[in-house]
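Asker: One-letter residues, chain by chain:
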Amino acid sequence: MDAQVATHEHAHPGPALYLRVAVILFVMTALEVLAFEVSHRPSMPLHELVQPLLNEILIILSAAKFALVAMFYMHLKQDSKIFSGLFVFPLIIAAVLIVALLLLFSYLRLLHPAA
Amino acid sequence: MSTIAMGHAGAEAAPAEKKGLWSWITTVDHKRIGILYGVTAFLFFLLGGLEALLIRWQLGAPDKTFLSPEAYNQLFTMHGTTMIFLGVMPLSAMFFNYFIPLLIGARDVAFPRLNAYSYWVFLFGGLVLNSSFLFNAAPDMGWFAYANLTSKQFSPGLNVDFWIIGLQILGIASLAAAVNFFVTIINLRAPGMKMMRMPMFVWMSLITQVLLLLAFPIITVALVLLMLDRSFGTHFFVPSGGGDPVLWQHLFWLFGHPEVYILILPAFGVVSEILPVFSRKPLFGYAAMVFSGCFIAFLGFGVWSHHMFSTGMGPMADTVFSLGTMLIAIPTGVKIFNWIGTVWGGSIQYKTPMYFALGFVAMFIIGGLSGVMHASPPADLQQTDSYFIVAHFHYVLFGGSIFALTAGAYYWFPKMTGRMLSESLGKVHFWLMFLGFNLTFAPMHILGLNGMPRRVYTYSAGMGFEFWNAVETAGSLILGFSFLIFIWNILKSLKSGEVATADPWHGATLEWSIPSPPQEWNFAVEPTVDGRDPLWELRRARGGTLPEPARVSGKGIHLPSPSYWPIVTAFGTALTLVGFLMHVTLWVILLGVAITMLGIFSWAFEPADH
Amino acid sequence: MAHDTAHALHPPTATGLDTRKLAIWTFIGSECLFFATLISNYLVYKGESLVGPLPHETSQCMLHGQMTTCEPIFEIPLVTFGTAVLLFSSFFVVLALNGAQQGNRKKLIGWLSATVVCGLFFIGMQVYEFYHFYHKGLGYTTNLFGSSFYTLTGFHGTHVTLGVIWLATMLVLAIRGKVPPEKSLNLEIAALYWHFVDVVWIVIFPVVYLMR
Numbered sequence: 001m002d003a004q005v006a007t008h009e010h011a012h013p014g015p016a017l018y019l020r021v022a023v024i025l026f027v028m029t030a031l032e033v034l035a036f037e038v039s040h041r042p043s044m045p046l047h048e049l050v051q052p053l054l055n056e057i058l059i060i061l062s063a064a065k066f067a068l069v070a071m072f073y074m075h076l077k078q079d080s081k082i083f084s085g086l087f088v089f090p091l092i093i094a095a096v097l098i099v100a101l102l103l104l105f106s107y108l109r110l111l112h113p114a115a
Numbered sequence: 001m002s003t004i005a006m007g008h009a010g011a012e013a014a015p016a017e018k019k020g021l022w023s024w025i026t027t028v029d030h031k032r033i034g035i036l037y038g039v040t041a042f043l044f045f046l047l048g049g050l051e052a053l054l055i056r057w058q059l060g061a062p063d064k065t066f067l068s069p070e071a072y073n074q075l076f077t078m079h080g081t082t083m084i085f086l087g088v089m090p091l092s093a094m095f096f097n098y099f100i101p102l103l104i105g106a107r108d109v110a111f112p113r114l115n116a117y118s119y120w121v122f123l124f125g126g127l128v129l130n131s132s133f134l135f136n137a138a139p140d141m142g143w144f145a146y147a148n149l150t151s152k153q154f155s156p157g158l159n160v161d162f163w164i165i166g167l168q169i170l171g172i173a174s175l176a177a178a179v180n181f182f183v184t185i186i187n188l189r190a191p192g193m194k195m196m197r198m199p200m201f202v203w204m205s206l207i208t209q210v211l212l213l214l215a216f217p218i219i220t221v222a223l224v225l226l227m228l229d230r231s232f233g234t235h236f237f238v239p240s241g242g243g244d245p246v247l248w249q250h251l252f253w254l255f256g257h258p259e260v261y262i263l264i265l266p267a268f269g270v271v272s273e274i275l276p277v278f279s280r281k282p283l284f285g286y287a288a289m290v291f292s293g294c295f296i297a298f299l300g301f302g303v304w305s306h307h308m309f310s311t312g313m314g315p316m317a318d319t320v321f322s323l324g325t326m327l328i329a330i331p332t333g334v335k336i337f338n339w340i341g342t343v344w345g346g347s348i349q350y351k352t353p354m355y356f357a358l359g360f361v362a363m364f365i366i367g368g369l370s371g372v373m374h375a376s377p378p379a380d381l382q383q384t385d386s387y388f389i390v391a392h393f394h395y396v397l398f399g400g401s402i403f404a405l406t407a408g409a410y411y412w413f414p415k416m417t418g419r420m421l422s423e424s425l426g427k428v429h430f431w432l433m434f435l436g437f438n439l440t441f442a443p444m445h446i447l448g449l450n451g452m453p454r455r456v457y458t459y460s461a462g463m464g465f466e467f468w469n470a471v472e473t474a475g476s477l478i479l480g481f482s483f484l485i486f487i488w489n490i491l492k493s494l495k496s497g498e499v500a501t502a503d504p505w506h507g508a509t510l511e512w513s514i515p516s517p518p519q520e521w522n523f524a525v526e527p528t529v530d531g532r533d534p535l536w537e538l539r540r541a542r543g544g545t546l547p548e549p550a551r552v553s554g555k556g557i558h559l560p561s562p563s564y565w566p567i568v569t570a571f572g573t574a575l576t577l578v579g580f581l582m583h584v585t586l587w588v589i590l591l592g593v594a595i596t597m598l599g600i601f602s603w604a605f606e607p608a609d610h
Numbered sequence: 001m002a003h004d005t006a007h008a009l010h011p012p013t014a015t016g017l018d019t020r021k022l023a024i025w026t027f028i029g030s031e032c033l034f035f036a037t038l039i040s041n042y043l044v045y046k047g048e049s050l051v052g053p054l055p056h057e058t059s060q061c062m063l064h065g066q067m068t069t070c071e072p073i074f075e076i077p078l079v080t081f082g083t084a085v086l087l088f089s090s091f092f093v094v095l096a097l098n099g100a101q102q103g104n105r106k107k108l109i110g111w112l113s114a115t116v117v118c119g120l121f122f123i124g125m126q127v128y129e130f131y132h133f134y135h136k137g138l139g140y141t142t143n144l145f146g147s148s149f150y151t152l153t154g155f156h157g158t159h160v161t162l163g164v165i166w167l168a169t170m171l172v173l174a175i176r177g178k179v180p181p182e183k184s185l186n187l188e189i190a191a192l193y194w195h196f197v198d199v200v201w202i203v204i205f206p207v208v209y210l211m212r
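As given, the protein sequences belong to chains A, B and C, one line each in that order. Numbered per this note's numbering, the first sequence spans residues 1 to 115. Numbered per this note's numbering, the second sequence spans residues 1 to 610. Numbered per this note's numbering, the third sequence spans residues 1 to 212.
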């Protein structure tokens with residue numbers, strides 16, 4: 001059994017690493033919700049600091065979670081770079097699409113505030 | 001040295017070809033699926049052409065009542081939708097299917113059954129879309145389906161629903177095929193065929209698949225949102241509920257602009273195969289051709305809003321999209337100069353495929369130049385919605401894609417059928433098509449700049465539109481007639497055409513190293529490649545002549561078994577979506593899902609090899 | 001010739017990568033654009049609803065045929081729990097794959113079952129959430145928020161459902177002993193799809209439920 005685990009350790013990182021990633025993912029999710037709660041309750045500590053930065057905090061945390069799952073659970077870290085490319089290139093186009101549409105519509109609403 | 005089997009010993013009588021309707025329904029052979037795509041798409045193409053002729057007949061003289069406004073709207077909508085989704089795209093798919101495996105030295109595509117599934121879904125999608133004529137409810141809002149003309153309020157009939165569901169089904173076919181061809185090109189290349197040795201048609205096909213993969217999900221979502229608006233009462237594109245019709249335009253053109261390159265890049269690839277062969281020179285600037293293709297595709301995702309200048313996006317957005325659009329002229333120009341460079345100084349063979357390929361280059365330059373004109377918003381505001389735009393996109397879609405695809409048909413027909421097409425009829429076809437095309441579409445530039453609006457079913461006498469419209473209608477009849485000659489040529493050749501050798505044109509690529517038509521397994525021996533023009537290298541090494549490859553028995557060559565699950569699954573897929581067509585019929589949807597699931601599971605657990 | 005035909009059975013690929021794995025990655029890449037468009041639709045219409053209820057604010061809305069003040073729709077604790085469950089299911093499926101690669105059937109079946117249960121729980125959470133939101137006044141066509149929220153999360157839920165069916169099929173095969181180490185790639189492909197569904201939720205959760 002142990003020998004088998006050792007041979008596979010090389011191809012795919014073992015359960016210990018997966019558990020560490022799971023814990024980090026869990027903590028980051030907790031941090032996301034915490035940031036949300038802090039920003040919505042003026043009575044909580046650090047409210048002034050977190051409140052204006054909520055969206056930025058959430059984007060950074062969720063991007064980090066995304067990257068962790070992709071790298072370790074989807075094995076992109078040790079798999080072929082071709083797979084990474086097949087994921088990252090569409091992600092770039094997808095991000096550009098979302099940002100471009102948001103910019104276009106906020107610009108449009110700036111030009112025509114009445115509508 | 002390339003190892004390409006040529007006329008080896010061990011030739012035995014080939015086993016009897018599989019025959020009969022059932023063998024076509026269950027086929028998973030990429031060549032047969034390619035032929036199915038070709039025949040189906042050509043029939044749809046003729047239907048779309050007939051629709052165009054009716055439109056032209058109506059516009060041949062002022063104040064005609066040959067077509068009612070309603071019929072006219074249906075015909076121009078179905079003409080555009082048919083030519084794009086059922087004509088040019090699947091005609092390109094015919095070449096993808098038949099020739100990508102041959103050009104990269106593979107025995108089939110990566111997923112033969114998925115390939116059959118794509119075809120059947122495409123066929124059902126085309127039939128659903130066109131069945132709208134039977135209900136007198138053909139789509140009538142233009143192929144772009146601008147909101148809020150498509151809202152239930154302004155389009156209460158089933159017309160728009162047929163369009164939504166038809167396109168949704170066709171989108172599934174395109175996506176499945178795109179995954180398949182992408183993986184095929186990346187993974188099934190013969191030993192030695194590095195990416196930068198692939199034939200240019202394969203490169204352009206690869207880029208096209210990337211565009212399909214990234215653009216079709218966008219229209220899928222847009223169509224879903226529109227369907228929800230119409231059938232479930234949401235307000236995504238309905239202003240009274242806070243929705244914004246302009247979002248539809250953005251989503252549509254986010255798909256629609258890459259779609260333009262989906263239509264033209266395969267044509268670029270076909271021409272890039274033909275020009276070198278008939279100039280007896282390698283393709284000029286191979287790497288520049290590859291990178292300009294990638295650059296066009298990449299930029300193609302950032303310029304969609306140039307279709308929307310007249311919506312009033314504001315000076316900032318107009319400027320960005322205008323500059324991006326003008327930028328695309330650079331890689332396109334690179335391609336055109338490379339084609340000219342390929343022909344330049346070559347030992348030109350004046351064969352029919354070459355005529356059409358050269359016709360493509362000339363016509364595409366005209367279409368490209370008028371395209372740069374309306375990249376400028378002030379010019380576009382004058383030209384948009386006029387016949388100038390109609391002239392522009394017919395010069396790139398007909399003068400571009402159709403000329404190139406016809407060139408490809410003449411070029412590869414001998415390989416696909418084992419018969420030569422008649423050169424003399426081919427040249428008559430070319431000159432009539434060239435003449436008819438220019439008579440039909442060149443005057444549209446003038447009419448457009450004189451203010452004739454598109455999508456209007458007639459015009460009044462005395463507007464100054466009569467003369468050129470009459471010329472256009474005459475031209476369109478010549479154009480239509482030229483295709484009758486093409487059909488005659490095909491039928492005559494199939495019946496009694498000159499038998500084609502394996503390599504009638506002295507081609508450079510792998511498909512010419514095997515018998516015409518190829519045997520089921522394509523390559524009896526897996527070829528090895530060590531250059532961009534493997535057959536020319538072999539020919540040079542052998543002192544100029546190549547022996548005719550023998551047909552072999554193929555004993556021991558492993559091929560995927562035929563299967564009827566692709567057509568069953570495709571039927572289930574189409575049925576599921578048809579359930580959303582008429583007031584959302586739940587039992588149809590559930591039945592469709594059940595058939596689809598049955599198909600997928602049977603397919604997954606069907607032994608792929610016997 | 002004999003050598004060649006032997007090769008033809010399992011030809012080595014040009015990249016050395018498995019063809020089906022390449023296909024699922026290609027498909028996942030394509031799906032990115034599908035969800036990006038749905039997310040864009042949600043974000044473009046954020047704050048554009050003409051009537052309530054709204055995600056985080058109390059608002060005027062129509063409930064039981066009369067205008068009343070509606071509570072904010074989102075309730076973060078439940079969806080946080082669902083999010084955690086989905087994240088853990090990703091963890092569980094890599095353990096199951098690990099078991100499959102080692103030929104450890106017990107590990108494979110145990111963790112794969114846990115994954116399927118988590119997936120079912122997530123679907124249940126979503127169904128309950130939809131039902132609950134509906135009774136708080138957010139119908140499918142009530143406002144743009146409702147339509148775009150239900151459409152986005154509904155399509156994600158559909159993907160979760162397909163993933164559960166796929167993984168449940170793998171579980172049945174595993175129980176029948178049909179997922180030996182040399183066929184562990186079949187599970188790896190299903191797992192890749194499952195992780196993708198998970199990362200989409202990693203984006204949806206903050207963007208839809210938490211952001212201002």
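Quick caveat, the hints were computed from the structure, so don't treat them as lab data. C-beta: ideal position from N, C-alpha, C; glycine also. Each hint should be verified, as a subset may be incorrect.
Cross-link-like lysine-lysine pairs, in silico, DSBU-like; alpha carbons within 30 Å at most [to be verified]: (1) B/Lys19 / B/Lys495; (2) C/Lys21 / A/Lys81; (3) B/Lys555 / C/Lys106; (4) B/Lys152 / C/Lys136; (5) C/Lys183 / A/Lys77; (6) B/Lys495 / B/Lys18; (7) B/Lys427 / B/Lys281; (8) A/Lys77 / C/Lys106; (9) C/Lys46 / B/Lys194; (10) A/Lys77 / C/Lys21; (11) B/Lys19 / B/Lys427; (12) A/Lys81 / B/Lys427; (13) B/Lys555 / A/Lys77; (14) B/Lys152 / C/Lys107; (15) A/Lys81 / C/Lys46; (16) A/Lys77 / C/Lys46.
Listed below are several chain A residues computed to face chain C (Cβ distance under 10 Å; list not exhaustive) [to be verified]: (17) Ser39; (18) Pro42; (19) Leu49; (20) Ala100; (21) Tyr107; (22) Pro113.
Asker: Which hints, by number, does the structure contradict?
Answerer: When the structure is compared with the hints, numbers 3, 9, 11, 12, 13, 14, 15, 16, 18, 19, 21, 22 turn out to be violated.
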